[in-house]
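Novice: Construct the complete structure from the given sequences, taking the supplied hints into account.
Position in the sequence shown (first residue = 1) + 59 = the numbering used here.
Hints are computed from structural coordinates only; laboratory data are not their basis.
Remember, it's a predicted structure, so these values are computed and weren't measured experimentally.
The beta carbon of each residue, even a glycine, is placed where N, CA and C say it ideally should be.
Check each hint, because a few of them may be wrong.
[As the list claims (entries may be wrong)] Simulated DEER-style distance windows between Cβ atoms: (1) Ser-217 to Ala-86: 45 to 55 Å; (2) His-178 to Val-102: 41 to 51 Å; (3) Gly-69 to Asp-179: 13 to 23 Å; (4) Gly-69 to Gly-196: 28 to 38 Å; (5) Arg-183 to Arg-233: 41 to 51 Å; (6) Ser-210 to Gly-77: 15 to 25 Å; (7) Asp-76 to Ala-153: 22 to 32 Å; (8) Arg-233 to Arg-156: 20 to 30 Å; (9) Phe-104 to Glu-203: 14 to 24 Å; (10) His-123 to Glu-230: 33 to 43 Å; (11) Gly-69 to Ala-181: 32 to 42 Å; (12) Pro-216 to Pro-127: 14 to 24 Å.
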Amino acid sequence: MRVLMIDVDGVLVRRPDGRRWDADLHADLGIDPGDLQDLFFHVHFDDVLAGRADLVERLDLVLHELGPVTSRELVDYWFAHDATLDVELLDDLAALRSRGTDLQLATVQEHHRAHYLWHDLALRDRFTAIHYAADVGHRKGDTEFYRVVESRTGLEPSAHCLVDDRLANVETARAAGWRAVHWRPGRRLADTLASAGDATSHDGGEE
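Specialist: Here it is in structure tokens:
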């Protein structure tokens, strides 16, 4: 393994109380989460994630039906309420990085949130690259996602290891020739990697 690819939502970013980012959306902004799902996410978000449409521009098309806020205000609220980093995991990753493991992000995001994660949350200080759906042109359930990432790293498939909370993504990565492990909240990174047979000789740890 030369590079460890970390998923974002459900792995690196996870609300400790288990509530969704939009749990208080109606109380805070006057927008019903169900209406937002029906009018925006179910209709427009696939195009946004694929990079075929801009998040704010598509929100502008429907927000007048949802509540008295601007698209920018809603996006800022969303991103800020879905930004709790797993500090313990970050510490474990930092230890791996200090021993020479290349850390990168592999995530299903659109352009605006990818920028927020990389710059506002300063993940660029902890990872060498971010590979996300709107930029790659594929989601992680598509084998082509992994081929594009390989073209960027210049490494063979088996040199990559994905850590992801979605079993379907783990299975697709393995089918593409990657190593991949299923992330379960509450487990330490070393235990997760050890379960995939990625033990190293570094002071009994796992990479």
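Novice: For each hint, tell me whether it holds in the structure or not.
Specialist: Here is what the structure says about each hint:
no. : hint                           : in the structure
1   : Ser-217 to Ala-86: 45 to 55 Å  : holds (49 Å)
2   : His-178 to Val-102: 41 to 51 Å : violated (29 Å)
3   : Gly-69 to Asp-179: 13 to 23 Å  : holds (20 Å)
4   : Gly-69 to Gly-196: 28 to 38 Å  : violated (22 Å)
5   : Arg-183 to Arg-233: 41 to 51 Å : violated (28 Å)
6   : Ser-210 to Gly-77: 15 to 25 Å  : violated (37 Å)
7   : Asp-76 to Ala-153: 22 to 32 Å  : holds (25 Å)
8   : Arg-233 to Arg-156: 20 to 30 Å : holds (24 Å)
9   : Phe-104 to Glu-203: 14 to 24 Å : holds (20 Å)
10  : His-123 to Glu-230: 33 to 43 Å : holds (41 Å)
11  : Gly-69 to Ala-181: 32 to 42 Å  : violated (20 Å)
12  : Pro-216 to Pro-127: 14 to 24 Å : violated (50 Å)
Going down the numbered hints, you'll see the structure goes against 2, 4, 5, 6, 11 and 12, while the others check out.
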